[in-house]
Each structure stands twice: as C-alpha cells, then as structure tokens.
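There are 4 protein chains.
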Amino acid sequence: MSEKIKRIAVLTSGGDAPGMNAAIRAVVRSCAYHDVECVGVFRGLQGLIEGDFKELGPRSVKNIINRGGTFLKSARSQEFRTKAGRQEAYDNLKESNIDALVVIGGDGTFTGAKVFNEEYDFPIVGIPGTIDNDINGTDYTIGYDTALNTVVEAIDKIRDTANSHNRLFLVEVMGRDAGDIALNAGIGAGAEEILIPEQDMGKDRLVASLRRSKKSGKSSSIVVVAEGDQIGKNIMELADYIRENLDEYEVKVTVLGHIQRGGTPSCYDRVLGSRLGVGAVDALLKGERDVMIGISHNKLVSVPFTEAIKGENEIDLDLIRVADITSV
Amino acid sequence: MSEKIKRIAVLTSGGDAPGMNAAIRAVVRSCAYHDVECVGVFRGLQGLIEGDFKELGPRSVKNIINRGGTFLKSARSQEFRTKAGRQEAYDNLKESNIDALVVIGGDGTFTGAKVFNEEYDFPIVGIPGTIDNDINGTDYTIGYDTALNTVVEAIDKIRDTANSHNRLFLVEVMGRDAGDIALNAGIGAGAEEILIPEQDMGKDRLVASLRRSKKSGKSSSIVVVAEGDQIGKNIMELADYIRENLDEYEVKVTVLGHIQRGGTPSCYDRVLGSRLGVGAVDALLKGERDVMIGISHNKLVSVPFTEAIKGENEIDLDLIRVADITSV
Amino acid sequence: MSEKIKRIAVLTSGGDAPGMNAAIRAVVRSCAYHDVECVGVFRGLQGLIEGDFKELGPRSVKNIINRGGTFLKSARSQEFRTKAGRQEAYDNLKESNIDALVVIGGDGTFTGAKVFNEEYDFPIVGIPGTIDNDINGTDYTIGYDTALNTVVEAIDKIRDTANSHNRLFLVEVMGRDAGDIALNAGIGAGAEEILIPEQDMGKDRLVASLRRSKKSGKSSSIVVVAEGDQIGKNIMELADYIRENLDEYEVKVTVLGHIQRGGTPSCYDRVLGSRLGVGAVDALLKGERDVMIGISHNKLVSVPFTEAIKGENEIDLDLIRVADITSV
Amino acid sequence: MSEKIKRIAVLTSGGDAPGMNAAIRAVVRSCAYHDVECVGVFRGLQGLIEGDFKELGPRSVKNIINRGGTFLKSARSQEFRTKAGRQEAYDNLKESNIDALVVIGGDGTFTGAKVFNEEYDFPIVGIPGTIDNDINGTDYTIGYDTALNTVVEAIDKIRDTANSHNRLFLVEVMGRDAGDIALNAGIGAGAEEILIPEQDMGKDRLVASLRRSKKSGKSSSIVVVAEGDQIGKNIMELADYIRENLDEYEVKVTVLGHIQRGGTPSCYDRVLGSRLGVGAVDALLKGERDVMIGISHNKLVSVPFTEAIKGENEIDLDLIRVADITSV
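Chains as they are written, first to last, in my numbering: chain A, 1 to 328; chain B, 1 to 328; chain C, 1 to 328; chain D, 1 to 328.
What the hints contain is simulated information worked out from the structure, not anything from laboratory work. Keep in mind that the hints are not guaranteed to be accurate.
[To be verified] Some, not all, of what chain D presents toward chain C, calculated at C-beta under 8 Å:
1. Ser74
2. Ala75
3. Tyr140
4. Ser164
5. Leu246
6. Val255
7. Thr306
8. Lys310
9. Glu314
Since we're looking at a predicted model, the values are computed, not measured. We put the CB at the ideal spot given by N, CA and C, even for glycine.
Turn these sequences into a full structure, and let the hints guide you.
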C-alpha cells in the first residue's frame, strides 16, 4: 500500500448515468474504511479548476444509492482542455493536499485524466460511468443496464398503443456511435427491426422486411432506431420514406430523448457502481494509476486509460442474429 | 329492467387509454352476471361497419385488467361519418341480434353514438375513455390518472439529469386543447413553469420568470408545455427563443409523445373502468340510452351525450395558483 | 388575513405516507410566498416537546416532492399525551416565536392537536396524511392513492406466479379497521374474493365461493385480506382452513407489510399534498384554526377536527357489488 | 445439422421466473426460422405425462416477451420421478412425432431431463430458468436479474419508512441455499447487514455491529436475511433476539415472499431468455443433447447436465467485502 495517499478526491464528469451515486458512495466509504480522507469535487473537471471541493464522510453519502444522476453534479469543461485550466486544477489539488483522484465518466473524461497524469504525474484512477457502454476493456459501464430497462419500459408502453391501433412506430433511442442500447433494448422490447450505426440496412430492405412482417400476420410493428443511424438523415425522413413506400401501416415516431439518462438505478448498476468504487480506492492504495477499473467476466480488472479509450465499438453479430430470429 | 335487452355489444373507439380493458372486462362480466349475452366488436366503429364481432364470456377477459391499450383494438372511422357506413353498422347489429351497445371512447365516439341513436333509435350507453380528461359531466376519464403518473415518472427521470447538469428542460406533454395533464403533472413533477392552452403566459414573462428562478438559487428548471400551447408555434421555437434571451441555462427539449398513452393502468383507472363498465350495463338494463356513465364526487352519474360532448374545458384556477406558489 | 401570524411551524406525525413531502414543501413555499417565516419540526409531536426545530426556506425543500416518507421524520409520542409534555411543547413554540402550527398526520395527530388547541388556544390546522384513507370529511388522504398502486403492482407480480402454477394466493394488505385499501386494490388487481373488516363473509361461504370459481374455469385465484379481517384470527389460520376444506388449489400466503407505506408518490398524492399544504397556510392566515383542510369533490374544504376524527368508516356498498360482479 | 429433428417440444418446469416467456418465444420462432415444427407442452414435466400439447407458430407467442410467469404454465411433477411416469411421457412424445425437447427450469428439471435422456436416449437441451441463480456453468439464470430489481425496489420503499421513523427493518428475501439474491440486493439496497446461508455471522456479532452503526450516526437500518439463514431458526426469532439485546431501534419485520418471483422481466432477462432460446434450438439441430445452454462471459456455452446440477454454490468473497465496506 502506498504510504503517501492520505487524501483522495472524487468527481463525476461528462453525461450523468444512473449508478454514479453508488460509485461515489463506495469511494467515500472505502476511504473511511481505509482511514483515508475523502473530498468531493462538484461539477466534474470544471469544479477541479474552480476549486469547488467539499469534505465527505460516510454519512455525507447516505440515501443516495437509489437516486439517478450524480449528487456531485457533472459538467463538460472546455477549460480543462487548455494547459492553463489543467494547471489551475493541479494547483487546487496541491493546495487542498489531495494526493490522488478518482474520476467517474466516459472516454472524454479518461482522455483528460490521461493527459493530466502525463503532465503532472498525478495518481488518477477512472471508473466507467456512461449509459452508452462504449468503453473498451470493461463488459459494462455504470448506467447502461438501467438505460436498457428504461428504454424497454418505454417501448412496452408504446406497444400498447401500437397493438391497439395496428400501427408502425419508429422509436429513436440513444446511440450515435454505438448500437448496443438499440440492439439489446430492441431484442428486449420485441422490436421487428433494429437500425444501428454499425450496420447499414438500407431503406429499401427495411420497407421490404416490414411488408413481409405485415403479410406474415403482424398487426403492428416497432422499429428501434439508434440516433445517428446510417439509413436516414433523421428519423422523420425515415418515417416519410416508409409512409411513401408502405401503405400497410399508419406510421408514428417517438424520440425517447433524455428520459434514457435518468431514473432509479437498477440493482445491477448499484452493485457495479459499489464494486468499482471500492476497487478504485483499492487500486490507488496499491499504487496503481493511469488506469480504469472495469469489470470482465464478473471480476474487477485494471485497464490502462490508453486501452479504455480506444473507442472501436464492435457489435455482437450473435445478437443481430438473435434479433432477426426472434422477430420472425 | 327492460325485457328486450338480451344481447349487448361493446367496443372501444378513438385513442386507446389505460383502463379500457378493465371497462371491457366489467361490461362482459356484468352481462354474464345479468344473464345477458355479450359480443365484442373489434376496431371500434369501423369494426361495427365491417361486422368484426366475437362472442365474449367471463373467461374471455381474464388477465387483461392489468394491461394497457385495448384488447378489442381501436380505430378512427371515416366511414361511420357517412350515412351509408352507419347503415351497414345498423344492419350488422340487427343481423347479429344485438339489442344494445356500450361504446368506450371520447367525444368523437360519443358524437357518432348520438347521431346513430337519433337515426336508428338504437340503445347506446357511453363510457368516457381518454387520457385527456376532456369530457364534460365526469370528474375523471379512464386513462387520465395513469397518464399523469407516466408523465410525472418521465419528468422525475429528466430532473435527475437536469439537476446533475444545471440545465433547463422543456418537456412537451399531451394536451392540444386541454391543459389538465400539463397542469397536474407539472405540479406533481415540481415544474418551475407550466404552459397550457387555456392561458397565454407570453414568452417574455416566461423568460423573466425563469431568470428570477435562477437568481433565487435554483440550479435547474423544468418547464412543462402542453402540446399546442399559445406562446410558441412549437416547443423548438420556444427553446430557441429562451436560448437567445436567457444565458443562465443550457436549454434542452424532450417530447414525451406516445409513451403517455400506454402503460399498466393505475389502481384508480382499473377501479374506475370496472365501476363504469358495471354501471353502463346497469343503465342499459334500466332502460337508459343516449347517455354516458360518468363519475361525480365518487358516485356514478348518467350524463346525456349532448352534455358530455360540450367540450368547453375549464381550467381550475386554484390549481394555477398552487403551481405558482409551490414553484416559489 | 390575521395580522399576528408571522411564523408557522410544520410537522409530520404518526405513520409516514407518500406525498407528505409534497405537503411539507407546499407549506414551506406558501409561507415564503406570503412572507411568513417557516420552521420545520422534526419527529412530529415528540420533536415539538424536544424543541427539534429548523428554519426552512424555499430551497430547503427542493427535490423532495418525488420522495416517499417524510424528510421531517415522524414518531409516535407518548409524552404528548401528558399535560407535562404538551406544556413543554407550548413553551418551545413560544420561545421560538412560533404563531401557528400545521400538523400532517392521521386521527391520532388530530386528536392531540385538538386537545392542545383547547388547552393553549394555539392556532393549528391539520392536513390528512395517512395511507388508510380513514379520516372523515375528506375524500382522500395523502398516501392512499400511492398505497393502492403499490398493492396492485405487488398483486400483479403474485398473479404471474399464481397463473403459472394454478395456485390460490391469500394476500394480506393494510386495513385493520378500514377495508378501503383491500376493496379498491382488490378490484384493481382482479381479486376473486376480498375480505374486509366491515363485512363478515364467513369461512364457509368463502370456501364455497372459491369452489364455484374453480368450477367456472378459473385456474388460479387471489384472495385479498385486510389485516384484522373478522373471519380468521389471522391469515395463516385462514389458509389452513382453506387447505382442509378445498382440495382444488395449492394455497400460498403473502403478507405485503411495510412496502405499502413507502414508495415514490403518485401524481395524485403529490398534487393533493401540494394543494392541502397551500390550503393549510391560507386557512391559518385567514384566521381558521382547529380544522383540517381536506378535499371534497375536488375542492378544498375546512373540516373541524371534531368532525374529522369521528372515525366511523363506511364502506361503499356499490364497490362491493362491483367486486362481486367483476370477479364473476 | 441433424437430419432427423423435424419437430421440437418446449416446456417450463419448476418455479416460474420472469424471462421464461422470452425463452419460449425464442424457441418457437427459432423453430420457425429453421423450418422445424414446434409444440408447446403445458404444465411442465407433468404435462408431458398427460400429453397436454399444443402446436405453436410464430404468432402464438406474440406479446408475451414483456410478461412475467410462463404462458406454458409450470408444475412440479412427482409422477415424473417414477419410471411409469417417464414411460408415459416418452410414449406421448413418440405418438406426437416429437424428435427433441427443450426444457426450461432449474436443477430439479435438469435432473429429470438427464434421467430421461439416459433411459430413452431422447435429445433434450436445457435452459436455466430460476430466480435463484444456483445453476453451475452459467453466469446468470433467467429471472435472477429481475428478482434482484424487485427486491431492491421493495427495500427502497421500506427504507422510506425506516428513515422516517428511525427503525430497524429485517427483510427476508429468497435464498434458502444460495445467498446471491440477498448479497447482491443487499448491496444494491444499501443494507447495513446481510445474512446469507453460506456464512454464519452469529447473533451476537450482528447485534454488536448494529450497535456500532447506530453510534456512528445511522438513524435507521436495514438487515437483509436470506430465507434459511443459519443464525436464527426464523426471522421472527431473530427479531425477538435483537429486541431483547438492542434498545436503540424499534425493530420491524417484512417477508417479501412471492412478489420476488413475478413481475415484468428486465431487459437483461428478456435478452438472456431470447439468446438461450435461440441457442437451445441451434444446439439440438447441431446434434447436441444432454446439455444446458448457459452464458459465460457474455457468450453462449454448452454445459453437460451433470455439470450444471452440481449444486455447490460458491459465494463471491469479493462481494461480501464490498457489502462490508459500503455499509461503513
């Protein structure tokens, strides 16, 4: 165990995700368990620059494990991208006698952390918190499981109406670059078609497939579209195209939007956040730095930031086949 | 009790609403209880024209009370607006020996029922089923309570993100003509401002009010907008206007859309549907016709269709004051 | 408006109920709106005796409208039943310059408030907050609607299992003295039988009825039992009796217990709490005292405490008939 | 691909679990996809003996993916444990020209399947469906994730009340032999203590620990107890012991019971059920038999029944440490 770490700061950065509070709580209580002081940084990397700090003890984080969002608040910081901003952040950390930092966020956060570590040799460990599940080296990111449940619940509601009226619904879900939410929630919601950025289905094949569905006896259909899919500049254009080429259904559009980020975290996200929070403090105390603590096959792993932010999302072809078969 | 009614048909028409299944179930089982035959008509008034009928017994409606939508399906029928269409409907009813009809729907449905009754002197009783709560003579319509809960749950999720990021969210909810959903869900969700069609707040007053909120220490804000509000042609324009005139917040927009129609019905809507279903059959058997069965001060009431479809929605000024005070 | 009221205290007492936080929030913000100071009393009437007070401003109650329980905490106070206890409470109120009191609770709370008012002529207004809906003079109490939804959701889950296994489930719900929860939730959940304290069905009639249900083709059954029903000393004895006298089903028991008190409040309870909170402050400022603010036919009403605590619960016979018919 | 398999039967057996319907649906549609006939067997292994069969096509399983329980119903069969019972089952399968069987259930089901395969050399593939997650060789069983969410939601509600009243709650959850639900849901719900069958904490240590919690400033506490924990014959005895030895809290007990088995399946359980259903048919067509299709590190795996039913549940010591640290 490193002798030097007496005081750890924790922050959340980037988009908020359900389960972040569980991770913060675990970091804070883990510090208490190890007799290390803990400081909360409000509003992410920007708060680091502005010195928006507060001492946190075990009772500071009571009754937050079941709340969406992040009680430390989050922000995107342009200033942290500048050398001057990072210098201020460093000065604030030194002035407050902070020895190490836990950052909870996505690839933008980890990129910032990596640069900061290189410049100042400051111990940082990351925790993957984003609903997009687009971080390399971890099976799951905090918030992803909750977001899937939120999307599926929303589509369940839409299907009530779709069934009652024999309609076709296009439902836009999050995922400009990664189709994981669309693909999993689409299978879970029993969607007839799922359009993801990793795969270009083509409008004509979509229409042909929907026509077959109708003929096979389906009275209503749900098409899940990841934001930024390749086949239509946007979901409204896609709806227009379908309306022009497919008489069989009345076509409706729903954009799920920001409800996907919030909500009471699922048990999985709470446990994941708790485990990663404990693991991050363990890692710092063991002398690790410049790594993200992730989960792989249900065990904690240390992943170098360089590895974590690679950002090549690979879609599981097996899942695409499951989607095709189960919507027969 | 009328000697003549031996066979009753039931249908759902217009937009679907959670709790309609409870009402259908109650009609079916009430018929069984009174030893009257019951026939389900699929796809609303259109199904009446097409003769899409099915015998229903008590076991036909098991396990539907907890499901959104309507298992009899619904549709909007242009054909029923024509004399020829209504004649076909009448012929089908006669051919199937149906003596009376229960229609579950909103003002469009009741208008059709009224015309049909005038033309053919056919016994019809209505049940108010619409999430909009815009029917005269009943305190509540089936589906309204569930829709309020759905909207409030969705805004709870959005507030997680709004709080975490110090943002202003504009949330569009249903209510082109009636602000009831916006006003009640807005109070329930703790919205800072609520824009309803019955009242023109004006963009400038809105911006001024939001600025005061921010100064008073609020770090995030939710503005609930009823679809079709008077102050902006649409919510996107409104967002642009706020962005131009208010620097203090990052402005985001969410349109809740069709999730508001679906979902597992609340206890209130299930009980309401059950009571109205029983009451509708009672009314027919007592010889009533051309009326809607509604609820007033927790008792069933008979309201002539003419009265029910008056359609002047009055907003409760008391509620507007509560919204103002509780968002101080 | 009374010139003298410059400072109002608010407390929650007795069992907690979802929506109490909305009422507290409305009282606090209503005070701010009227430029009256507001003081929160923690742990109910006991906190009054112990002087557990805290100044509350509009921002003190942010983000609580969506939370179950009561952030002022609650307690049952034996000490307040003594003259000495009430004297201490009065001294604390005077010492803190508090001019009036809003108490949120049930009949026990109102009884205490009435005595206190008689002894010290201290202005008190009550708000009905209890899941039991057993207060006279108000159509609804805060928390009742949420509790109904919680019970119905729980029974929906149990029915999944009951249906899958052809079982009979006895489900115990709250209501030692009042069958409202059992009756409404029973109708909403589609229960086959509902046992309430207001009506003694008799074990033999229950068994006979369940036997008829089975014969009529029902493969599973749910019996909802209000805690303290008259036909069995407890639900386990009832289950044993059914097992001995009815071979047709496997009999299981579930006691819902304390989950019925908690949970995110429904929209209705949030709006109700908000309205009653605003109304209570209005009433105090208009010079009313010794009354509860309730809701009747969707309008606020003032009900003398003497009236409110009469405590003769009348069951709606119409609802019993609906339960009988819809479980045919 | 085996030439011989033209007709596959599917059944669910043992306790029902949310997500079983997704698995059935996937088996049925996978058969359609591969041009294989599919037969549903009602009421599990007992239905096999009684020949309770029904042809299933892709449309037979529409709108079931979001429903708890199993639409094929389940049962425990004593008769299948006899040679005579299994012979009848075999005769029924042969008579209906069924070439292979997919069984969805837990270790009891797989044990029966293994014996049946040994006796009749009949191709069977299993799918792990049980909320207990106590099957060897698969990371997750269908229903476990949903059960965790159900338990956590219930404890969230109880905590509202616990917090409002400074109470200690003992909450009994499923898990006579396996503490997985208690441990994960306990961490997720922020329980102060978690009692599991794999580890004997001892009543005295429990009381001592709760006393420390109270002193450290906790005003309420939740203790999660797996059914069949070693420290108390039952949870009521445990409550009595705590009451006698710990004055600091009012002690309450809640037994979650059968609500844990039901409920709308989570996205994870729907996707898992879909994948395993597709995988089971794939396996049969590739000539596999006498295996369970499980999931390991997010990939499908074939696990011999002998391996799957080993039944030595190992608790993750890492999780126990996380529970200890995060409840500091």
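Hint numbers not upheld by this structure, sorted from lowest to highest: 3, 5, 7, 8 and 9
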